[in-house]
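Visitor: If you're matching them up, the sequences are chains A and B in order. Throughout, the working numbering is defined as the position within the first sequence, counted from one, plus 916. Throughout, the working numbering is defined as the position within the second sequence, counted from one, plus 10.
Hint data in this document are derived by calculation from the structure and do not stem from the laboratory. Mixed in with the good hints there might be a few duds.
Computed cross-link-like contacts, DSS-like style, restricted to lysine-lysine with a CA-CA straight-line distance of at most 25 Å [said to hold, decoys possible]:
1) A:Lys1184 <-> A:Lys1009
2) B:Lys81 <-> A:Lys1009
3) A:Lys1184 <-> B:Lys120
4) B:Lys164 <-> A:Lys1009
5) A:Lys1084 <-> A:Lys1009
6) A:Lys1084 <-> B:Lys148
7) A:Lys1009 <-> B:Lys90
8) B:Lys120 <-> A:Lys1084
9) A:Lys1009 <-> B:Lys97
10) B:Lys97 <-> B:Lys120
A quick note: this is a predicted structure, and the numbers were derived from the prediction, not measured.
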Amino acid sequence: MRLFGMVWSEMVRRPGPSAAALVVVAFGVAALVAVESVATSSEKRVAGQMRTLGANVLVLPAETTLQDYYAADSHGESLPEEYASRITMAQLKGVEELSPRLSVECELDESSVVLTGVLPRQEFYEQSAWQSFDLLTADIDSFETGGGLGRKHEGCCGRTCQLTTEEKRSLASYAKTRIVHELDRDSVLVGADVAEEHGFAGGETVRLLGADFRVAGVLPRTGTVDDARLLGHLHRVQEVSDSGPVVNVIEVMGCCDAMAADLVGDLKDLLPGARVVTIANLVEAQVTVNGLMKRLSYVLFAVLVVLGGASVASVMFANVSERRRELGTLMALGATPSTVGRMVILKAATLGVAGAVLGVGLGAVSAYAVGLRYLGFTVSTPPAIVLTGFGTALLVAVVASYVPARRAARLDPCTCLQEL
Amino acid sequence: MRIELWTVTLLLSLPGLASAATPGERVEAAAASGKHSYVMFYRSDDDRTQSMAETIEGFVSQRPDETSWVKVNVTDSAGKDLVERFKASRLPLPAVFGLAPNGAITFVRKLAVDTDTLEGGIVTPQCSAMVEALQRQKVTVVCFHPSGSPAIPKGVQALARDRNLGPQLSFVSAIADDPAEARFFQRMRVERDITSPAVLVFAPPGSFIGRFPANVSSATLAKAIHGSGKCNCKKCRHGN
């Protein structure tokens, strides 16, 4: 009989102790994989937000607290829409786009949806152009000293700067900019999930808050809360919801980090009654939690090593004691001490691998479920974490079985046979 | 019949009845007679509103041939067309807009205004043409010509013919011996005693792209416009 076959038949014959060790190893690996997966996905998400939204700033009512950038308009508090005009009229350097938003709950085909009022980009261009003459005279004055905005703009990597007018008009650019270029007052744009659920393709008429809207188009999937929303013209949404000229949030898209460096201070000076939040502020809490989770994963790693190791060692010691006669017989029949030792180590390694398989699966599924249910983002398990789980479980099992294996290899077959 | 017409003319010329025209109509009438208008929006007759109104009224009374003004309550239906045009109900109020006769907005101020701003809002015809073009989102090329030499530089002519950029550009010219444009030269920092044309390029909403000599090539102008990020070219990504 081959070595593994002997190990396997022994495990089947005495399933209880093996199962106990396997469960301990599996839980240790599962906890390690789950926490590491959540921490890694969260770090990636933070890095992604900093990369894509780093230059962005949120202007919120003073009393709001906020956890998610994309749901910044869901707190129910409001601030005057004129704040957006103040920002436009102040012509702050580094402001590439503005997006004041007002979200209201409403019914659509007997299901609850969120209708978000947004102000199309075209209206801000118009407001900005009111100050053309002021801007150009100031720009001429500062040009000689290198302050000309037209010249400074060279090399700018702002998202909207990269788009032609046609691209800005296309709804496809919404996924990149989250700004609607044009939208008439009686039209709505439909998020990808809403379109899927209600079968919208464009051209339909929907009744929201007692008013009829034409579905002007379906927005591309953004992976944000916008997928489950309908977007209407801010002023029309204010009318139908009877909200008055208010918004829940003003999203200020910074042109790029370099140009938006002083933006936060400028906005705080301009709007003393509002709360100005940067993406760095917003992800600060998440970064702290990520750090805690990283440290927790080190603790779990230690727990896996100690508890898993102790469990495997204890099971293997018991197993060797219990099988003294069997092992002695094997040795009397010609099995070498190293074969017996390898049998013990192989059993422990099998437990380690099986525990790792179970643990990685359990950990990955739990992390995914927790992410989906409680964190609002998809958690994936990177291969490096899977390898760490496997490697650790195997190593712990092998190291923990070394002493029992040596003990088994040193058994005296004569003594064992006398016990028969 | 003749008496009736005379009566109507007389009645319309009475100040009380003239003011019966809506603020929008009064702005249109002022533009038709070549006057600049100041449109002041307010919500309540508070101190700020009164102070702003006094400043504007005082200034306009000194320049009655060049300027006029209207005061519009954003809640009053009479001024609805202006309120909607300038979306004034959503602005910090009081606010005042300066309008050139061609409709170009020469300034907007919220909460307070001073006479220097009101003075600065009076622009020359070519300057207002430039501002109006920028407000239509056009990259604007302005040629300042020396006295008696209105010839457009060749580089500018070639640029106007450019198939990609041409349709996105607007061209404005001012000549040094036109006294009406003296202020335009001054504000654009171009000497009136120039001996050859100066070409200034602006991008919307109000970025100064650069000043170029008369012999500038269309390629140099095009490069500067592309660099401003306002070229709107499909293949041009200035950040790359």
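Visitor: If a hint holds in the structure, say so; if it doesn't, say that too.
Guide: Taking the hints in turn, this is what the structure says about them:
| no. | hint | in the structure |
| --- | --- | --- |
| 1 | A:Lys1184 <-> A:Lys1009 | holds (14 Å) |
| 2 | B:Lys81 <-> A:Lys1009 | violated (32 Å) |
| 3 | A:Lys1184 <-> B:Lys120 | holds (18 Å) |
| 4 | B:Lys164 <-> A:Lys1009 | violated (35 Å) |
| 5 | A:Lys1084 <-> A:Lys1009 | holds (21 Å) |
| 6 | A:Lys1084 <-> B:Lys148 | holds (16 Å) |
| 7 | A:Lys1009 <-> B:Lys90 | violated (33 Å) |
| 8 | B:Lys120 <-> A:Lys1084 | violated (30 Å) |
| 9 | A:Lys1009 <-> B:Lys97 | holds (23 Å) |
| 10 | B:Lys97 <-> B:Lys120 | holds (13 Å) |
In the structure shown, a violation is registered for the earlier hints numbered 2, 4, 7 and 8, in ascending order.
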